Every structure is written in structure tokens, then in C-alpha cells.
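Novice: Residue numbers (numbering that gives the first Met the number 0), protein chains in the order written: chain R, 0 to 454; chain G, 0 to 307; chain W, 0 to 317.
Watch out, some of these pointers could steer you wrong.
Below, simulated SDA-like cross-link-like pairs (lysine to any residue); rule was C-alpha separation at most 25 Å, straight line [to be verified]:
no., chain 1, residue 1, chain 2, residue 2
1, W, 73, G, 63
2, R, 105, W, 168
3, W, 73, R, 56
4, R, 82, R, 56
5, R, 105, G, 156
No wet-lab data here; the hints were simulated from the structure.
Treat the numbers as computed from the prediction; the structure is a model and nothing was measured.
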Amino acid sequence: MFVHSKKGTRRLTATLLGGSLAAVLALTGCASGGSGGAATAPEVVGTQADIDAALQEDTTLTFWAWGPQYQAVVDAFMAEYPKVKVELTNNGSNQTEYTKLQNVIKAGSGIPDVAQIEYTALPQFAFGDSLVDMNEYGVSSMEDLYTTAAWSQVNVNGGIYGLPQDTGPLAMFYRQDVFDQFGLTVPTTWDEYRAQAEKLQAADPSRFMAADAGEAALTNAMIWQAGGQPYASDGTDVTVDLQDEGSLRYADMWTPLVQNGLVDQTPSFTPEWTSGLAAGKYATWLGGAWAAGTLQRRIPEATGTWRVAPLPQYKAGDTASGEQGGSSSAVLNASENALAAIGFVQWMSSSEEANQIWVDNGGFPSTTATLGSENWLNAEIPYFGGQQINQVFAESADGVLPGWEFLPFQAYADSVFSDTVGQAYASKGELAEGLKAWQENIVDYGNSQGFTVNK
Amino acid sequence: MTATTMSAPARTAPPARRRKNRRRWVGWWFLAPFLAVFVFALAAPVIYAIYLSFFQDRLVGGNTFAGFNNYVAAFQDPKFWSAFGRVAMFFFVQVPIMLGLSTFAALALDSARLRFRSLFRITLFLPYAVPSVVAALMWGFIYGTDFGLVGNLNSYFGLDLPDPLSSDLVLAAMGNIATWAFLGYNMLILYSALRTVPKELYEAADIDGAGTFQVIRAIKLPAMRSAFVVALIFSVIGAFQLFNEPNVLRTLAPNTIATNFTPNMYAFNLSFAGQQFNYAAAIAIVMGIITMIVAYVVQVVGVRKDDQ
Amino acid sequence: MAIDASDRFGAVLPRNPAPATNGKAGRRMASRRSQRVSRPRSSVLLTVLMGVILLYSVVPLAWLVINATKTQPKLLTSFGLWFSGDFVLWDNIVQTFTYEGGVFGQWLFNTLLYVVVGAGGATILATLAGYGLARFNFPGKRAVFAIILGAVAIPGTALAVPTFLMFSALGLTNGPWAVIIPSLISPFGLYLIWTYTMESVPVELLEAARVDGAGEMRIFFTIALRLLMPGFVTVLLFTVVATWNNYFLPLIMLSDSTWFPLTVGLNHWSAQAVSAGGQPIYNLVITGSLLTIVPIVVAFLLMQRYWQSGLAAGSVKG
């Protein structure tokens, strides 16, 4: 009943606002779950007033996520909008969530209203026509609330397929105690980084500058910082160039560290790695700003030993950065409560309250309001010896290079990273060769799936 | 029916015949509940998988009939064959070791000369009760070279044990987990076959003055052969379907356990990471057919020896 | 030699090497049995060798027990095979049962439900069908038998997606039936019962009952089932273990954690450690793993008595 009236409202609104037959046609196509042409100019399907009204009606929303902070966010939302009930399913990890999302989308039933989706996976689900283009609900007016980098990552071929939650500007986390013990200085360039790595190894062969067994997410972020733009797509035309200038600059810089055993090949987030971090086995950790929260949760006993510095640069004095991780909240096309779902996502992504919960859990904000707040910027974090770490992150966020894109099948590409680049790590070979193999694999897959890749 | 046109003798015993005819179909009634679920939960998905294997659903361009293209691709796919080679090697190395140990343990359990027999019988079977997910998780901790048991042993005893998850050893590390989990299980299957040997046979051998090893060779091993063939067939299936151990250990050693480490993992990653459900179905069916053929050959060979 | 699978499997049945058991010699030897029993010369070497295998089986379990008594930091830094720091087994157990609002207890209950309905049902279905195949001749029997046993060779992981799509179309996903229905099928159980029936349910006995006018169902429940009890318990043991350990299909089928079985739940907890925003709870994963194993071990020990008598019954018959 409610569902029908909702759709009716949407249709009516569209007719009133769009005032054209085309809008109605596009809408009926959308409502029946067909493959609407999302890439064309946004049709207005609902307004902010509709969304606000929907939040005052009895609605139940299903929400899939895996981040630990979402229960608190959902509780806060329901306290503010008591008529909307949000049922949160914690899927445990991103991979599990994507697998399940793919399955339910293929089956056409059991699809949630809202889902947490990382920026890396957003193009894939947007391309599969599984997500609501929120431009059709006028969310483009929210653009100014977010950082440019965050906004650009939810923008896929001109559509807005999610609203940013957190971002992951890169920084270098390092162990002050280990640096002190071995007389290391905080590197500002990658050359210095390598020099310190050699110094550490020479002094104590059981310690390493970092742990890196090769990971798609970090490699992409590092290529990003090096100025590479290996992926580009325009509809079904896809370009993959993992041999571009930036990619090779990164590969040439990192290869010696791998070849000379200066980085330890322990995969991150394993028990071994956690123990290594706790024991000071790794002097640095290159990661997104969220790593600050990860460290505090994982090794609380290491309070006071960690510090944060800007990512080393290829050229002294630069401030280039990239992003690793970060996710958005998206509304699924199959949702019968799209208006309320969008309202929920808006609140979750932009309200001060929700952002505070994120920040308290170590998430790096994507809203300019939080980023600009003195409170946040000047917070002295005891875990990091009272350092104002957010200033380092904010600086990094400013330096994130524009123009980065992910593939419309990034999940597949990332899944075969270890089969290709990972082999270069395992054999201590040239990373550039590994990147080449990775590219070939990606190109083959894309073409076999009907994309036009590198043609 | 021929029965109705039959001559006098048939007509003289109509009740018996009718009952026999009825009994011809009674078997189906016993089978019906099993078959109903079997058809619904196993046969239908298999048929659906076969159907899927003849199509290609692409991210761009949608679903099209592909004929035997997926099968042709599978037979020419080096990733599939390298995965197949790996499980074949696993089968030829791990299975003999495991079944050898199981046979030894079964013979030992059956021997009057073993002490604490019930303790051994129960304890060796215990690992079978450990869910493979938990087992792989546990062994993952144990295999750690820094903070796991391997690392502990290295640092406490000054050993230099190599990383069990390095590319040279990772298959052996999985073989170890599988051996650990199924040694006791196979032991019990073989042991229960031994228990069916009548005592009198041993006594006869005893009178004839046969030694322990002669008894084993002449009585116990032949008694175990058929159970052995069963254990072997299930080991073939287990080896060819190897999935849980590599899949869980993969988070610890992503570079040494490729996405196509075993055929089953390959099919899994094709469908879940690459959304190539159709090709994955074709791979699974090819693998299923190969498994059936190998299991059949094992059986034929086992039976032939039995006849000798 | 155009013989189908049922004949092939028939040929690999454990057969009794009977020839030497009859005749006077056998009886004469029976009288000497006491003499044989009275010389239990135990072999130290054999016991030691078995002790090595026992250590191999037990060490990982000991590791699990020992580490369930440690705090998370100690877990990662202390020697794996000995206790270290505070003995917090009880704390860990309490935490395991209270974490995330006591969801572990819910998983335990789900697992029990799946085991009782799934494994119990699978054993009943397999017993009926195995007996039917072993003691009745009917059209299509060989083909059916071959198909059922052949299906074992199809990799389950590959069937996950087709099964999911089918169940989804029927609205069965994300509920208990999605886990229970597939676990009702145990081709191995059917095969075992078939074997046991061939061995321990004499055709003559059934024929005698039929002559007395008993119906087939009554014959099954009053005569055959009693004889099949050891086999029934054995199959129950295997299906209980299989259901208890079931992981892959529930993982695909269920999205709502309130329906998870223990295996999926534990992996869910374990996966927390692998995501950047997650809180690693290794100590709870390990304690939970231990708690997962305990009931099945207890069940096995309890069933062991039946199992043993089953084996004894089998050997007496031989």
C-alpha cells in the first residue's frame, strides 16, 4: 500500500517538476527495475521536500554495512527520526558484503535499501545499474558540504551514486621509539625513506621499515600519489595504463625496497602483522588516515609510541598525496523506500551528530565543516603522544591529486592483484613487470566482459 | 504385461505374484523422501548449473547463448590446468601418506599388543570434529613464523624452520591440515572393516604358526581392501574439491596461494570476484566429470585386485 | 564388463572372508580362545609410535585450549603451547557469550537446530533410502543409485550460486530452511546404510516376516531398523559432524546474522580483524572455536558407546 503511494508520489512529482513526457518515461523505466540510461542528464524524480516528508512516515529500511561504528550511527538516526526504523545487517567485511550484494542483485530479491560501498567498488555497482543516481533527487546541492576529493569519488560518469562517509588521505605513521632507538630521522622524500630503511636493516636485521606483501588498495594509492592515473572509463570504453609515468615512478621507487628485503612481506591485518606492529618490528606504516583509529583499536598497549608525518615525496618540498580506502553510503535501485533511504543517507553522511560518531571512531571526515572545525584540527591525541595528527591528515587531504578514477570492475582487478603483482613481490622481481602482468589480466577480463578496453 | 498372457502355472499363484509386483514398487516408497529432497536440493542445482554453462552473461551486452564455448575455453585455460595439476599432485602425495598412516593406526588399534586402545581410538578421531574453518584458522596461527608456534619453536630452540606458507611448502602445509583432520576418520573406516574379521580366522592362523606380519598380509590387509577403496574414493573427491584450507589460508599468504590455486577455488573466484557464473559452472562440471572418472577408475582397479 | 555403478560399489563392499570359519577346525579353535586372550603381550614400540600420532592429533587442540585461557595481548606475544599471564578462560567464555548482545548463544542455538533437524532428517532419509535400495528390486534402481553416488563428485562450491538463485526465487534464502534443506541429503550416509543392510539384514528374515503377513513399513520399523541401529548411529554421527561443520552454503545463503550457525559466525568475528575499521577479537574467536568443538566432542564420546557396540555386533555376526 505504502509502496504504491510512494511510487505514485514520485511519478507525480516528476511530472510536476520535470513537466515532460520524457521524465515520466524515464521514471517508469526506473521503477520497473529496467536499465534506464543513467548517463543522460539527470531527471528530477524527487525533491528535498519529498525526502523530508518521507522521513516523517512509518518506514522500515534495511541497511548493509560492515564498519563497527554503524550501529551507533543508526541508533542516533532513529532517535532523531523515530518513525523510520533502520535494520542494520553487519556483513563483517567488505568482501562478504559485495559477494552478497552481487548475489541478491542477480537474484532480484532480498536487496537492502541502503549499503555501505567503498569508493573502489562504487563504479562497479553504479555501472551495473544497481544504485540510485541521487542527482535525480537534487543532492547535487550538497556538493559544497564535502571535500572535492570525496565528492569526485562518488561521481561516476556524471551521476552521484552515493554520499561520502569517510576518506583516506595517505600519511606515514611511524614508531617514535624505534626511530629514537636506531637514530632514524623522519624522511620527507622517498630517497630518504629508503636510506632510513637501509640504516634500520643494517642495525637490526629483524626490523623492517614497513610491512608490505603487496596489496591492490595500497598500490593504487601509492600510484595515485606518484601522479599516475592508470584507470579511465567513459561508459563501456575503458583505458588501463599501469605503465604510465606515475605508475612507473612508483614501481621504480618501491622495487628496491622489496628486492633488498627492506620491507617485510607479512600481509596486513593478519595476527602476525598485528603482533609485528605491537612489537615495533615495523618502523613505519603507510596508510590512509583511518589507520589512526586502527592502531588505537588494535594495539592499545602501544600508547605514546606512534607519530604521524606527511607521506614522503618524490621531489623535496612537494605535498602530493593519494587516498587509500574510504566508503560511501548508497541507495539501491530496487529500494521501494528510496526517498526515506536517501534521507537516511543524507543524515548519515552530513549531519554533525553522525560525523562526530565517525570521528570518535577514528574515521577521517569527508565534510568541510568537520575538517574546518578548530576543535577537530587542534585535537591532541594522547595515543600519538599528544600530537595534533588531524592537521597532518588535513594537509594530506589538501594535497590529494585530482583526476583519479577506479575501474567499473575494480573488484575483479583487485582480486587478481596477488596473482600478478604479488608474484613480483614473492620473487623479489621488478614491480613494473608485475604491473604489466596485472594490466594484461585486467584488459583480457574487461574485453571478455564486453567492455572496450585499450582499443 | 507378459504376466497376464502367461499360462497355467502363473495363474495358480496370483496372490504371490501380485504381492511381488507390489513389492517391485515398494522400494520407491522407501526412496521417495530422499529422492524428493535430492531432486530439489542437489539435482536441480546441478541441472541449472549445466544450463548456465551454455550461456555467457557479460557485464556489457547481457546474456547470450554460448554453446560449448565455455567448455572449449576451459580445456584451453592454462589457469584451470595448473590448478588441476596442483590437486593431482596433492592427491598423489597427501593421500598415500594419510591412508598409510590411517592403515597403520587401524592395524595398531586392532592389535592386542597396543595399550590404551580406546584412548587412541577416540583421540585420533577428534580432529575430524573440528570444523575446517576453525582448523584452518588454528593452523594459520600455528604456522606463523614470528609469533605463531613455528616462530616460538625457532626462537626457543634456536631452530630455523622455514615458513610453512612459503610457495615451496604451502601445498605441504595444506596437506598437513587435511592429513591431521582426516587421519582418524579414515582410521575408523578401516578399523571397522577389520572388526568384521571373525576371531576364528586369527586362531587358525595362530595354530598354523603365522607371525604378526604374515597375519597382517594374509588376513588383515585383504579384509581392509574394500574399505580402503571406499576411503580412497572419498579422498579423491576430497583432494579434487580442495577449497576450505587454501581459501582460509589465503588471507595469510595471498602471494603464494593464487586465486586459481585449486579448481574449486578458481570456480569460486570466477563467480564471486569476476561474476563469471557461466564459465565457473563449466569449470565445475568439467571438474565433476573428471572426479567421477577418477573415482570410477580407482574402483575398477580396486575391484580387479579384489577378484584375484 | 558393462556393469553400472551399483555393481561396482557392490563389489567393494566389506565382505567377510568366510571360507575358514566353518567346519570342525573352527569349533576346535573356539575352545582355545581363552588361552589366546590370556597373553596380552603389549608392545612398547607400537604404543610409542601410536603415541606420536596421538601427539600430532592433539597438539593443535591443546594449542586451542591453552590459548583460550589468555588475554588478547598475551595471545599474540607468548609461547603458544604454554599458559601465560592471567588465566582468563572464564572471562573469555563470558565475553564470548555476551559480545554483540549475546549473539554467540543465538548461533549455538541455530547450530543445534540445524543439527537436530538437518542431521536427524538426513539420517532418517538415508536409512529409508539405503534400505530400500539394498532390499528391493524395482525399475530404475541402478540408474538412481548411480546418479546419487555420482552427484558426490560435483563440487559443492560450484553449486552455491545456482542453489542460491533457485532458493532465492522460492523465497527460501536468509532463513533456516536454506541451511536445513541441502543438509538433508547425505549420499555417503545412504551408501553406508546400503552397506550395513547388505551385511546385517538377512533377506530370509524379511521373507519370513512377509510370509507372516507383515507390511513392508512394519517390517522396516520392527525388524530392519533394529538390526540397522549401529549403522544408523554411525550415519547420524557423520551427518551431525557434517552439519555442525557446514560453512560454505550458510555463508552464501544467510545475510542476517541472527540465523548464522557457529562456523559462519566465528568466521564473521574473525573477519573483523581483517578489515581496517574492525576490532580484532582473536581471543573470542579462539574461545568460540573451542566452545564450538566441545559439544561435538561430547556428542561423539556419548555416541562412542553405540558405535562400539555397533562394531561388536558387526563382528559377532561375521
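Novice: With reference to the structure, classify each hint as holding or not holding.
Specialist: These are the hints, each one checked on the structure:
The suggested pairing of residue 73/W with residue 63/G is violated, with an alpha-carbon distance near 57 Å, which exceeds 25 Å. Among the hinted pairs, residue 105/R with residue 168/W is consistent with the structure: their alpha-carbon atoms are about 11 Å apart, no more than 25 Å. Between residue 73/W and residue 56/R the alpha-carbon distance is near 51 Å, which puts this suggested pair outside the 25 Å criterion. Only pairs whose Cα atoms come within 25 Å are accepted, and residue 82/R paired with residue 56/R is accepted, the gap being roughly 6 Å.
Between residue 105/R and residue 156/G the alpha-carbon distance is near 55 Å, which puts this suggested pair outside the 25 Å criterion.
Violated hints, listed in ascending order, are 1, 3, 5; each of the other numbered hints is respected by the structure.
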